[in-house]
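Asker: Those protein sequence lines, which keep their order, are chains A and B. Following my numbering, the numbering of the first sequence begins with 1 at its first residue and continues without gaps. Following my numbering, the numbering of the second sequence begins with 1 at its first residue and continues without gaps.
It is possible that part of the hints are untrue.
Unchecked claim - Partner residues aside, some chain A positions facing chain B, computed with beta carbon under 7 Å:
1) Ala40
2) Ile63
3) Met67
These aren't lab readings, by the way, just hints derived from the structure by calculation. Computed from a predicted structure; not experimentally measured. Backbone N, C-alpha and C fix where the C-beta goes; we use that ideal spot for every residue, glycine too.
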Amino acid sequence: MSELTGALALAGALLAFAGSVGLVRMKSFFERVHPPTMGATLGTALILIASMMHFGTLHELLIGFVMAVTTPVGYLLLVAAARRRRGK
Amino acid sequence: MMLIAAQILLGAALLLCVWRAWRGPGAEDRVLALDTLYVNAMLLVLTFGLRHGSSLYFEAALVIGMLGFVATAALAKFLLRGEVIE
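With the hints as constraints, model all of the structure from the sequences given.
Answerer: Structure below.
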């Protein structure tokens with residue numbers, strides 16, 4: 001375990017934690033949609049890069065691809081449902 | 001040492017998501033908190049794999065990521081239409 005790998009994982013965890021703090025502290029639902037994307041995009045990418053450097057393999061790209069494709073679709077459906085329920 | 005700090009941060013993030021899922025005023029807030037919970041749990045499993053030096057954790061993280069999307073999409077579809085499969 002090198003220092004660079006640990007630092008990358010710590011930075012990713014810090015981003016995910018900041019996203020969760022924003023999820024708790026923001027006022028309305030449409031503001032709360034934004035913060036978790038920090039952990040879902042750059043936080044995941046940093047921890048996946050740390051894992052790639054540690055194991056020396058590339059199959060972590062699969063998780064990155066799945067997250068990059070599915071996160072916008074899920075949030076788009078969720079915001080559409082919220083707008084429908086508010087009658088907008 | 002840094003990995004332990006990362007795990008503590010991710011555990012605190014899980015607790016914050018649970019708080020939002022408990023309190024969240026609307027159903028969509030709870031679904032959003034559940035989605036964030038899935039992502040944070042996936043990152044925690046990846047960090048466990050880094051710490052133990054085993055690549056077995058990778059498959060678990062992949063399955064958690066895919067199931068998280070399926071759960072979010074199904075719940076959002078239910079909130080949107082009132083039923084999941086029409």
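Asker: Hint numbers the structure violates, sorted upward?
Answerer: none
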